[in-house]
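Q: Given chain Z's structure and the hints, the job is docking chain P onto it.
Protein sequences appear in the order of chains Z and P.
Under full-length UniProt numbering, read the first sequence as residues 1 to 812, first letter to last.
Under full-length UniProt numbering, read the second sequence as residues 1 to 812, first letter to last.
One thing to keep in mind: the hints can contain errors.
Claimed, not checked - Derived DSBU-like pairs (lysine-lysine); straight-line CA-CA distance at most 35 Å:
| no. | chain 1 | residue 1 | chain 2 | residue 2 |
| --- | --- | --- | --- | --- |
| 1 | P | 239 | Z | 96 |
| 2 | P | 96 | Z | 327 |
| 3 | Z | 624 | P | 791 |
| 4 | Z | 665 | Z | 770 |
| 5 | P | 327 | Z | 624 |
| 6 | Z | 770 | P | 791 |
| 7 | P | 210 | Z | 770 |
| 8 | P | 770 | Z | 624 |
| 9 | Z | 770 | P | 665 |
| 10 | Z | 327 | P | 210 |
| 11 | P | 210 | Z | 624 |
| 12 | P | 770 | Z | 791 |
| 13 | Z | 624 | P | 437 |
| 14 | Z | 389 | P | 88 |
| 15 | P | 239 | Z | 791 |
| 16 | Z | 389 | P | 96 |
| 17 | P | 437 | Z | 327 |
| 18 | Z | 96 | P | 770 |
| 19 | P | 327 | P | 210 |
| 20 | Z | 327 | P | 791 |
| 21 | P | 210 | Z | 88 |
| 22 | P | 770 | Z | 88 |
| 23 | Z | 624 | P | 624 |
| 24 | P | 700 | Z | 327 |
| 25 | Z | 770 | P | 327 |
| 26 | Z | 624 | P | 239 |
| 27 | Z | 791 | P | 88 |
| 28 | P | 327 | Z | 791 |
| 29 | P | 327 | Z | 389 |
| 30 | Z | 88 | P | 96 |
| 31 | Z | 239 | P | 624 |
| 32 | Z | 327 | Z | 239 |
| 33 | P | 700 | Z | 770 |
Since the hints were derived computationally from the structure, they do not count as laboratory data.
None of these values were measured; they are calculated from a predicted model.
There are 2 protein chains.
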Amino acid sequence: MFVTDEQSFLPTNPFAEPTTTTASSNTTHHGTDDDMIDIDFRNSNNDKLNNGVMNVDLVNTHYDDFQTIDWLKDLMRDRFRHRLLRAKTHNSLINKLLMYHDAWSGWLCVLLVGLSAGVIAGVIDIGTNWISHLKHGICLNAFWLNREQCCWASRNLQYTSVNTEECTEWFTWPQVFGLYGTGFGRDLLSYIMYIFWSTIFATFAVLLVKVFAPYACGSGIPEIKTILGGFIIRGYLGKWTLLIKSIGMMCATSAGLILGKEGPFVHIACCCGNIFSYLFPKYGRNEAKKREILSAAAAAGVSVAFGAPIGGVLFSLEEISYYFPYKTLWRSFFCAMVGALVVRSINPYGNGHDIQFSIDYSVPWASFELLPFIILGILGGLWGAFFIKTNIWWSRVRKNSRLGKYTTLEVVGLALITAIIIYPNPYTRMSMSELIKRLVSQCRVGDMIDLCDYPGSPFISGTSKGSVGLAGPGVHRAIWQLFFALIVQVLLVTFTIGTKVPSGIIIPSMSIGAITGRIIGIITEQLAIQNPTFILFRHDCSKDENCVTPALYAIVGACAFLGGVSKMTISLVVIMFELTGGLTYIVPLMAAAMTAKWIGDSFVRGGIYDAHIELNGYPFLDNKEEFNFTTIAAEVMRPRPEQQTSLAFLTQNGMTFSDIESLLKETTHTLYPVVVTREHPYVVGQIQRRDLQVVLRSQKMHRYRLSSSVIQFTSPAEAAQNSDYESDSRSDQRLTTNTEVIRIGNLLDQAPIIVTDQTPMETVIDLFRKLGLRQAFVTRNGRLRGIITKKDILRHIHQMSSHNTETAYYDN
Amino acid sequence: MFVTDEQSFLPTNPFAEPTTTTASSNTTHHGTDDDMIDIDFRNSNNDKLNNGVMNVDLVNTHYDDFQTIDWLKDLMRDRFRHRLLRAKTHNSLINKLLMYHDAWSGWLCVLLVGLSAGVIAGVIDIGTNWISHLKHGICLNAFWLNREQCCWASRNLQYTSVNTEECTEWFTWPQVFGLYGTGFGRDLLSYIMYIFWSTIFATFAVLLVKVFAPYACGSGIPEIKTILGGFIIRGYLGKWTLLIKSIGMMCATSAGLILGKEGPFVHIACCCGNIFSYLFPKYGRNEAKKREILSAAAAAGVSVAFGAPIGGVLFSLEEISYYFPYKTLWRSFFCAMVGALVVRSINPYGNGHDIQFSIDYSVPWASFELLPFIILGILGGLWGAFFIKTNIWWSRVRKNSRLGKYTTLEVVGLALITAIIIYPNPYTRMSMSELIKRLVSQCRVGDMIDLCDYPGSPFISGTSKGSVGLAGPGVHRAIWQLFFALIVQVLLVTFTIGTKVPSGIIIPSMSIGAITGRIIGIITEQLAIQNPTFILFRHDCSKDENCVTPALYAIVGACAFLGGVSKMTISLVVIMFELTGGLTYIVPLMAAAMTAKWIGDSFVRGGIYDAHIELNGYPFLDNKEEFNFTTIAAEVMRPRPEQQTSLAFLTQNGMTFSDIESLLKETTHTLYPVVVTREHPYVVGQIQRRDLQVVLRSQKMHRYRLSSSVIQFTSPAEAAQNSDYESDSRSDQRLTTNTEVIRIGNLLDQAPIIVTDQTPMETVIDLFRKLGLRQAFVTRNGRLRGIITKKDILRHIHQMSSHNTETAYYDN
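The following block holds chain Z by itself, in its conformation from the complex (with noise of 0.2 Å):
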């Protein structure tokens, strides 16, 4: 009669012989009555308030750091609170206005995360800007200045480029130090100190970073993205993370490492964020309704980065966010829209803050050259996949060798080497936000650098479309510096992404996109020109007029580079089209980051961000991919059928103190499961750990007779309902005597999440993903069998995962 096949329901605790003490299910329980305040605190008066159900803890759940946390429990607790206020309404007028404060808190925050990421982002530019410019030379009169305010301020000039003019009070180090007029003498100390320069900006950076604030290094994207999936890293959206990133950003990309600030700006936008939502419990207190203002706040960032709030909308919900309810998404937008008008206002110029594309090409795209766009698609998923690989086998290596224990050496010597290649080449000597600007310029009349040396162009009459004729030295010379400028940020971004400074890969990528596509243009430009009858070009092009603009090459370069190493689908496109403004071109660049996407997927499955995640192992359960897996519950739930471990759990009446204790002691689960006896384990509900200690310290304090007191999850009444069950088991006869009983039941969750044994992994995933789960109890005919936590599920993905890779194109 005694279900004798299953074994591993036999609890850890040694106590596997049923215990000699004995309680009495009708006794008068002295004494208890105080001790149940201590725990019963929670439902207090509440309880029509309180479903009745759920332990709704009003004040913070304590997250430990480095959990997930638990988002069904978390939204629960915040309707629990939102009720609490509405229903204290009705009685004053100070109710009444917190009730609308508490309607209000959430824009009011996202309103203060827009304004301060817009105000970070605008300093940052500027102060990028003033720090760059020290590597060449300073204003001596007001060394605050950077370059052309230096100028402008002592010529009363407009603004004035800088690579045109000199003016009289800006001083080139060699100038401050005595060296006027030019030779090889004042090359090699402007040579010299710009290393000099660089080499201490970098040092400054990585030294801030790692004695200040060791989260402040990398993008931080991958570690966002793990935080909004539901996880807890504590202090790495704190003050210090926000104040030394900051800094930190403004010294590394002044230092010319290839890196760029783009990536950081998200961290530092969700800094923000997780900073305001603490003036406001009902998300500071709240680790689900946070990740909604941390939502908004990466939006933000990405809209102050590219002064693009819908693709940074799109961005935070394509690519960062996990829970996205609706209403966020509009907050999302307005948080997203403050942040650009605040960065446009502080900036504008535009000066430091140039990623934003003036496009206003003459001659619109013909279809053949659909033909070399999707040339750079598959270069950029190439690229991609390149990127991807080689920078996550670097971070391993660093990881695992000795070169983990030297990175502030590693940094000094990557920025050393980079100044030292990169000064040469004007390309790679600008900053890499200007060359972008450049290569997605067209050629005007007037422009004298390289780039733009077409001979036979009718430039001077001022009537010309576009850039129309063969291509001068100039311009060949420019190839060769774009090409050695191409291959040195290949080489340089890959270690220098990933060390301890804050670092972007987007610029870079962009950058190489943008040299890739420019020099595709060019040679398609000359390719149409010097064979205009040839078939892919006769329907367009003509002998008077240029077919061609390779800037339009450069834009969709960096858009096709960008994809192929984030995997961004929608965003990238929206993010470009805002940048450039109309549908004119989002044909070449939605071909162009489809391609680079496919490309890139066949190869690495995944963005760059993805990669990291499972690098450092972050327990990230992604919800935009969709798994095919052929396994169902039994398989992936703990205890193993196979495995003599043996489940944890409680019974809901026989147990006793020490029972209990011991249980604790030996598990250091963070919830159990309580059923209804051991022979007969169906589902009752389940219960904290932590509640448990309470329980066990209250008792502790007041009793004697600890081990033999009986915990009874169920009331009188129930537990004689339930008598069937007793009258089985041998915990029937206990309860006839007269023992302490100590019932706990409030602190019993009867609102467990349950699957059968056979339901299949893909639905069991989706709960979890959907319904932000920590732990589903497994079911069979109703008796539990076991249990599956997010962990298990991560792991099992894994596994899946690396036994089918070859699967991975098809699902896309």
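A: Leaving out everything else, chain P in the frame of chain Z:
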């Protein structure tokens, strides 16, 4: 020892007392194998591919009309199909190609949808234009030309504006009848012909709809929302609906009725989506997957209506779609993009398709203008509330009174009245999109229309910025005419939307908003001019320069009024952003849209589409709303514990053929739970009614001792394992004698979704929404207590929301 308090679990069949038929669990069931093949066909040789758990039906799951779909099962079915396909790829090249075709078919399908939606939109634009002009006259030489084409063809002139000059080939109706020149008679004839044609077109439209495609009326958006939420309405997205809606829309719009054609574009695009999805069995045969295509089609619908691809995707995401995985987002964008490009290439001048504002206001907006913008937002919210309440009230009257029988007459009468009222006023006589276009245009040098009658303005010199100066008598006249147009449109649109013609509310709302906006803009402008020293204006306005652009107010008004009616948020702003181009005016638009939504929500929760869903009682489970209930699953499940009705279920071993036959006769459920025994109702799995019917039918053909055959869901091994239950029950003895045993365990779905009876309804609703469930079993301590279906949930939400509507506002 037996449970006695579970009376509710008696099945509804009359065989409450156990039958006396017996069966041996170890019998060799002769002849059964033949029959098993009939039932077994599904997992025939695909056991390895299938989870071995779910009965994945490879053929089309046939849902009945007006049924809700089972997302979970449908998506599972698609994964299984995919696995099967992938397993075959190793066999041959053709299968490999099929695999590639499968991977691409989603893209191919949305490409076709985008192309067709674009083409149809272009054709409708051109057709509407031609029919509209027919009301005024005809091109005698070539009746198929509209006025512009006629004039252009005859005079070889470049595009001539309709409102300026005459041309020889175009005959107005008085001219056709021989009345040349001007005069009262000619005007009267024009008026009569206008009324005549309007009535004819409206009659044609309503008859077409009534006779051929009743589903073609209205905007279709509420129904599409419901369909995308997982409901089957056969024929709603069919080819007849597509054809009739396209033609009907041209006629209804041309008839001058106060309705728009932008909303119906969504319906038309979804028809295309539905039709093309049948080319690809992956989508056509799987209702859940088909909804991916429909979501993309909805995005294309908005995209072709407004030329706003990003706005279309966000509209689909925010407003229409239910299940919107991220890869669908990207595909939808592609679809919307293709649609926008096609419609642009068909109609390059945009003359039929004039919902594209070319904004180039000369004066930026000043901060004090936020006040009138917010007032516009408030008015928009009020308008939305008024319209929704009145329109729903009228729809209810129409539904419940005798008026509902005279729908044709209603439309014809409405067209007659509309034509009579709107002809005399120039602002109502022109089409609403033309009116909007005029209202959002800034006054320019040489504009001779009333709206631009500023006598003091230094327009003649051509140096001015904006329309400076006091308004002349023309402006006063225009304001009165606009005010009259406003009243007319407000009254007529309320009664027009909901009649049996294709009708959208988007353009009428924008038109009403634009009129209100322009009026308020002119008032603000005149106030600013007359009181330049007033504290509000002092900072931004000077005597010489105007600071107010009334045309901007028209756009803000259009945005606010559309927002008030539709309660769209981010998609509205993005659509306006794409229409106006650029971030400059996004702050006014956001301020107005946000105010309109908040004000509107405080009167009526949800937009017009939600109101119509509720009016029609569609089973739509909103996945955007947040619920804050205190109820638990036990209070919602059926049967209710307090009622005496019982739950229909099957036991895994003990039921005979006739038991099941009568159970199917007495109940109409589509699905039955299978439990261990009657006394131990632990859930084993679930079985479809359809499958049971198949079993009964196939058995009936082969057997004579029908009623005594025992149906078992377990294998012999399992049955032995479960013998501890059997020993409890009386069925135990039965199994010893030799009877027919039919095993249909392969039809049992052992992965039902289970919740405990104490689970908060918020969690249950989340489960239903996020997994797309049709039903869940409710258990307590493992014992089946009841079932919750999607309809129970909808009923519960409805009950709860009608109880406490005052909470709605705060939940925002």
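Q: For each hint, tell me whether it holds in the structure or not.
A: Hint check:
no.: 1; hint: P/239 <-> Z/96; result: 55 Å, violated
no.: 2; hint: P/96 <-> Z/327; result: 44 Å, violated
no.: 3; hint: Z/624 <-> P/791; result: 29 Å, holds
no.: 4; hint: Z/665 <-> Z/770; result: 33 Å, holds
no.: 5; hint: P/327 <-> Z/624; result: 8 Å, holds
no.: 6; hint: Z/770 <-> P/791; result: 22 Å, holds
no.: 7; hint: P/210 <-> Z/770; result: 43 Å, violated
no.: 8; hint: P/770 <-> Z/624; result: 14 Å, holds
no.: 9; hint: Z/770 <-> P/665; result: 38 Å, violated
no.: 10; hint: Z/327 <-> P/210; result: 40 Å, violated
no.: 11; hint: P/210 <-> Z/624; result: 44 Å, violated
no.: 12; hint: P/770 <-> Z/791; result: 22 Å, holds
no.: 13; hint: Z/624 <-> P/437; result: 42 Å, violated
no.: 14; hint: Z/389 <-> P/88; result: 31 Å, holds
no.: 15; hint: P/239 <-> Z/791; result: 49 Å, violated
no.: 16; hint: Z/389 <-> P/96; result: 28 Å, holds
no.: 17; hint: P/437 <-> Z/327; result: 32 Å, holds
no.: 18; hint: Z/96 <-> P/770; result: 34 Å, holds
no.: 19; hint: P/327 <-> P/210; result: 39 Å, violated
no.: 20; hint: Z/327 <-> P/791; result: 26 Å, holds
no.: 21; hint: P/210 <-> Z/88; result: 54 Å, violated
no.: 22; hint: P/770 <-> Z/88; result: 32 Å, holds
no.: 23; hint: Z/624 <-> P/624; result: 19 Å, holds
no.: 24; hint: P/700 <-> Z/327; result: 56 Å, violated
no.: 25; hint: Z/770 <-> P/327; result: 17 Å, holds
no.: 26; hint: Z/624 <-> P/239; result: 34 Å, holds
no.: 27; hint: Z/791 <-> P/88; result: 33 Å, holds
no.: 28; hint: P/327 <-> Z/791; result: 26 Å, holds
no.: 29; hint: P/327 <-> Z/389; result: 24 Å, holds
no.: 30; hint: Z/88 <-> P/96; result: 65 Å, violated
no.: 31; hint: Z/239 <-> P/624; result: 34 Å, holds
no.: 32; hint: Z/327 <-> Z/239; result: 27 Å, holds
no.: 33; hint: P/700 <-> Z/770; result: 44 Å, violated
In terms of the numbered hints stated before, the structure departs from hints 1, 2, 7, 9, 10, 11, 13, 15, 19, 21, 24, 30, 33, listed from lowest to highest.
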